[in-house]
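**Q** Chains as they are written, first to last, in the numbering used here: chain X, 1 to 430; chain B, 1 to 430; chain U, 1 to 430; chain A, 1 to 430.
Calculated directly from the structure, the hints in this document are not laboratory data.
This structure is a prediction, so every number in the text was calculated from the model and none was measured.
The C-beta atom is built at its ideal place from N, Cα and C for all residues, glycine as well.
Fair warning: there could be bad hints in the mix.
[Unchecked claim] Beta-carbon label-pair distances, calculated as ranges:
#, chain 1, residue 1, chain 2, residue 2, range
1, U, P302, A, G300, 49 to 59 angstroms
2, A, V30, U, G217, 30 to 40 angstroms
3, A, H203, B, D166, 24 to 34 angstroms
4, X, A294, B, D2, 48 to 58 angstroms
5, A, P134, U, T38, 50 to 60 angstroms
6, U, E137, A, V297, 38 to 48 angstroms
7, A, H203, B, T173, 20 to 30 angstroms
[Claimed, not checked] Incomplete in silico selection of chain X near chain B, CB under 7 angstroms:
#, residue
8, G59
9, W61
10, A150
11, T225
12, V226
13, G228
14, Y229
15, R290
16, V308
17, Q359
18, G375
19, H377
20, L391
21, E397
[To be verified] Covered by chain U, per the in silico footprint, the following chain A stretches (three or more residues, Cβ under 8 angstroms):
#, region
22, 145 to 155
23, 180 to 190
24, 298 to 311
25, 363 to 370
26, 375 to 385
27, 388 to 401
Protein chains: 4
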Amino acid sequence: MDFAPDATTRDITARVRDFLVDEVLPAEPVLAAQVAATPEDWSFRPVVRHLQATAKERGLWNLFLPPGGAGSGGPATGRGGGLTNLQYAPVAELTGYSPRLAPVALNCAAPDTGNMELLAHFATPEQRERWLDPLLEGTQRSAFCMTEPAVASSDAMNIATRIVRDGDEYVVTGRKWFATGAMNPDCGLLVVMGKTDPGAPRHRQQSMVLVPRDTPGVTLLRGLTVLGYDDRDHGGHAEIVFDDVRVPASALLGGEGEGFAMAQARLGPGRIHHCMRALGTAERALDLVRERAAERVAFGGPLADQGVVREWVATSRIEIEALRLLVLKTAWLMDTVGNKAAMTEIQAIKIAVPRAVGQILDRAVQVFGAAGVSGDHPLAELLAGVRTLRLADGPDEVHLASLGRAELRRRAPYLARVVHQPSTVEGDPT
Amino acid sequence: MDFAPDATTRDITARVRDFLVDEVLPAEPVLAAQVAATPEDWSFRPVVRHLQATAKERGLWNLFLPPGGAGSGGPATGRGGGLTNLQYAPVAELTGYSPRLAPVALNCAAPDTGNMELLAHFATPEQRERWLDPLLEGTQRSAFCMTEPAVASSDAMNIATRIVRDGDEYVVTGRKWFATGAMNPDCGLLVVMGKTDPGAPRHRQQSMVLVPRDTPGVTLLRGLTVLGYDDRDHGGHAEIVFDDVRVPASALLGGEGEGFAMAQARLGPGRIHHCMRALGTAERALDLVRERAAERVAFGGPLADQGVVREWVATSRIEIEALRLLVLKTAWLMDTVGNKAAMTEIQAIKIAVPRAVGQILDRAVQVFGAAGVSGDHPLAELLAGVRTLRLADGPDEVHLASLGRAELRRRAPYLARVVHQPSTVEGDPT
Amino acid sequence: MDFAPDATTRDITARVRDFLVDEVLPAEPVLAAQVAATPEDWSFRPVVRHLQATAKERGLWNLFLPPGGAGSGGPATGRGGGLTNLQYAPVAELTGYSPRLAPVALNCAAPDTGNMELLAHFATPEQRERWLDPLLEGTQRSAFCMTEPAVASSDAMNIATRIVRDGDEYVVTGRKWFATGAMNPDCGLLVVMGKTDPGAPRHRQQSMVLVPRDTPGVTLLRGLTVLGYDDRDHGGHAEIVFDDVRVPASALLGGEGEGFAMAQARLGPGRIHHCMRALGTAERALDLVRERAAERVAFGGPLADQGVVREWVATSRIEIEALRLLVLKTAWLMDTVGNKAAMTEIQAIKIAVPRAVGQILDRAVQVFGAAGVSGDHPLAELLAGVRTLRLADGPDEVHLASLGRAELRRRAPYLARVVHQPSTVEGDPT
Amino acid sequence: MDFAPDATTRDITARVRDFLVDEVLPAEPVLAAQVAATPEDWSFRPVVRHLQATAKERGLWNLFLPPGGAGSGGPATGRGGGLTNLQYAPVAELTGYSPRLAPVALNCAAPDTGNMELLAHFATPEQRERWLDPLLEGTQRSAFCMTEPAVASSDAMNIATRIVRDGDEYVVTGRKWFATGAMNPDCGLLVVMGKTDPGAPRHRQQSMVLVPRDTPGVTLLRGLTVLGYDDRDHGGHAEIVFDDVRVPASALLGGEGEGFAMAQARLGPGRIHHCMRALGTAERALDLVRERAAERVAFGGPLADQGVVREWVATSRIEIEALRLLVLKTAWLMDTVGNKAAMTEIQAIKIAVPRAVGQILDRAVQVFGAAGVSGDHPLAELLAGVRTLRLADGPDEVHLASLGRAELRRRAPYLARVVHQPSTVEGDPT
């Protein structure tokens, strides 16, 4: 449980920090201008491609990939960034300081990261060659199609999309939405979750197939907005109809019935990445507040002299410090005992971090006044993004209920656990 | 302190309700389609104009105007809707059920309402004829230019815009933003607050002038976004530069040095209208939640069976009921003792209602899952609107500090007040 | 829905206020001294009896009793205080300003008030003569025995105490606790709830019997503490064993199977009285804070100059104002449509008022520092009392769930309700 | 920043855990009975002395003392427990599971721990021999006299007690209160803070003297209650008058003018100990809730099946996990960079832990219903204790303002700090 940055972490953190200072932050207004100039476009703007090229040159590419590929114990790809979750944590946090640009610049943006991990873990060599390599290169993008408009998809039992075997093919029928990145013309791959066997046990009904976006029967209906933002520069969030979409049987990812387990495996790292980045976003908010409160004067003094601003800033700092440690511990657990054993902690940060960072951003908006809700400062967009995290991968309440149920079912009281399991809240020995 | 609806209120409420059911709610998807078809347009869409015509026919027009024009004790215009604040409260609440359409359909939308009240109270007959009549008719729109990008405008001392007398003219120089409605081509009038005498006592430095939008030197720089929304269908929120803008001396509203007092007079009714509408918005959210929770199934039953959803709905209901009564009391005080004496209550609802309704909407979004942040349900946009109210007319914190200071300065303890002043928390007799 | 105090209310409020100022507040330190001098005693101290005599002389006695006895539609006793709930509200609020002394001084303290209402409503003439008259006179006290240590008594189905008919007698067997006032030597009557027919429908299993405290088989085990206080001066909170306790059949209150319904009827007024008093307690806290914040100096100025104190005071004021109106509306509904129709509002205030007042007191304690938790200021004891209200008559959560369920089950949306039922949130017409 | 328990920690934790299970928990009802039997007594009850003897035998004594005595860099006493703060953290947390007995059983209870640290650091050899040795042996107790009833003592400038040099003596005059433990007949030493030079710079005016409790002029006025509890079994909380109290000049602790600095040095470890214990208290609450929720049935099922209970338990678990890590980091910082450099973290946990644990206990009380506020379960007393922590060593708000001010004054933004200072939020290099 040593969270101190080692030499590798210090080195990579410093380099990513320099990249942010030198390249990413100056690129923020450039991106805004390029988006304003091409409002109809769903593809990466030139500044993004430039940043990606620069990051690659600087060796800051695919840092999210754990050693040996993806996830502890995962198969070696020889292509991973080689960072443990604990080493990656401060890197991801840094990218959250400029979340529209930095993650994608480093090829570390959702949903591609999750999809690459999925492929690294579960894909056949042929599937990897066709789909994983271009994703790792950054020459292609991908989307993950799980959420459905017609049902509460946080309950995997509700998935209505069908994946039916028909001879040498699978036939996919259903409707998905909030497929992030799917509107990007570079998006070639749709990872689709559906039911292959509705009669199987609860968590063995689902499977995943790899569907080329240009397959006949795939219709991108529209890009959705998220709290008013269409995130067009990232490829948006698509609603997609799958109407009798046929893919060869070799497009199945993993085995039939393994869809739920693979989704869980995918979501663990995804959630911690979201949380790491959210902490960087919170630091951005605090930096903005610090500057604003120093220079803005009202009622006889700078805002920094107001008791309420002080209390807000102190509260924000405390929350960041406590939650960062919980994120680091989660990363360390994932590295040492695996994603499954870190389940409680992953749920805990998934719930706690977006809530706290949302509050931190909300208070920052109040300090900024009207400017805070405008597009001139990043706060409004950051707020929308973090608010959405409270729903991403299932509403918080699903995770709260699950975590609470597990906690209530423990058989060992504190005194039985305290000695033997200092490192995790899970896994009663009794 | 009788809050029961009288015959007039019952009648008008029923008619506005019918109008909502018959006309406004069906028009919501029409507006969405018309906006999608003309994404570059800042003017009212045809469906809005149609609703306005229908409302006029039904005698549902300018209902916001108190008897005798605007505000208790105001000058008679003969054009008012004739409703007291208390009578208007349920009407305004109803319009908040569909806040993008209903207020404007009834010619009861900010900022025109506030501007009409200003003009009814303080304008000369010539000013009224030129500006108030077309606003009352709905043939023209107006904007209110107070907030400035460069300073914390919640402190009126900070206003940097200058209004300098030069012979028979006033010369306006400065920069304003968040001038709601100003991008609408129908907007003819800008009510501009600035300083005429920076050396005068604190609250006598400011004045207001009536500036035609097409005056040379007026530049509409851009429409701003508010939490991602440009509110284009309402004329947006403009940033405006006033560069040596010359208007005749007769364009002064009220007297020199009366700007601050007029702004205060304007904001009181404006705040209560916002709060009334926000309660209707909260009722909309609860209706949406009720439907969704009944039909949406997860983990073995409808969402309505989940304890957390029940607790949210109960909490929301309690908050609405308590705050509605406080809004009604505020309206009643404004009607009976005037806006100034109702100051504490106006501040109280300005602070409490947007906070509570924001929470109600936030919980509703969680119940809806991804759909809640999408543009397919009204929740995301409603949330953005209510969030902004926590900054409109000054951040909550300014009002909290002011209300707290007043409360701490009272000399009479509860036992001295309780008998003599059951109707207001203000105005210590000692 | 007219909440303004009428002439009767103004008169009685003024007289109760004067009584508080002249008699009750000066008696607070006297009570403290008398309790300190007789720490083992569970009976009323002399100062309480003196205050009661004075109140009677002043005609301030039994004010809680509605016209015609108890509850709308109740039988005439000719002994009521003659105040409606709405008229009584400010009186009860005043007594909450000094809650250890004022309610009991006016013979308006729980649990006697609830028991007197029960008797006025449901007792036979013989029962009234024996039990109600001395309670109304204040010559005897009573206790209400519902809560049981062994079960979650908020679910009436769980009641384990048995009341078994045996010839001309009922035999009571069971264990009760938190029987407030039962340790007082003046307590003659125990109103006991138990099951007469465990096989009957859910809410017809329970009955009530009137048990003289000195009946053989009744054992007062001990006085319980409530958050550290034994409330000894009020007769404490007793744990009582009923071991084969025999009372004549005529001791049955109402009919067999009517226990649940009578308990509900009793609790409605009880809850609103608690809430009214809690608001007076909140006003006491604010008065104390105002004084303290003015005189206490830290870090260069009085506490009143600190932004956080201002924000607290403002927040407290807003909550009091909103919740007072909701309490008044509830009282008005109880007066006009009856306790049952006011069910939602009764639940709403039962939940919201103790929560808010608890927060108000908690913040007041912070302003007072160490003195706030000491026994030198009333805050610590007030905090304990209000905290307990969140459990009295069932935990808040039971009421939240019930209110939420009802709200989710409404069939009529807002627009169907708004015109026809402005006065209550309950009772959908559909 | 390695928080994993080392071999020493695992060993000592296991032994303290066994001591809790074998001795302390069974002693809880014994203590209750002994206190009930001798309600007037302020001294340790026999069961406490027995536990102390047993702990000593088991080698579980004075564990709070860091290696080399007290505090990193402190003078060697040869008598310390030899544990670093990080090693002591889980031990202290365990003692919080039974906070009335475990800390005192191990001679690790406030205020003696703080006083022993003070003496170990700053006392002369003669002072140590006279005062520190018996404290380390547990044959005598001590009290710390800082808080004063007449002023806001969280601002050290307000201290009114005077310590005036008069020849070979110091003369102490003033009034202190909340001197915890001072009513215990075993208490021999009062460490008194007062002003020696009111004209010196702000933080050089104060000094400390060691006053034997039986010195003429020392009057113990009374034992105070804290939220209703007099903590009599621990020696209570005394109000003490110092009237012309004379001690020899050799009774000065440290130098003149060093009182403030010594108080700060004392409070750092004191605060972290409070926080560590509070986390153990929270674990106790969760264990109690788990048991109760499993066995208690209402409305058709165990409480554990209710969504709200699940959400509470999950929230509590998350808060405990995050805050424990922050406490561990604080301990680690104190061990590695010293108490002063850990100032921000000490403030952070001082604010955050009691708040969170207070909420955890408050929710636990709701789960327990009436039993939760009674004396039959430990929750009510634990709640009072943790509530008091929000005021101990100054109200939270003082620390929030201080932390917020420091945060707002940082010059280095996140990107300048992130690389060089991963381990602390303090100490900008710029």
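**Q** Can you give the numbers of the hints that this structure goes against, from lowest to highest?
**A** 3, 5, 7, 8, 9, 10, 15, 17, 19 and 23
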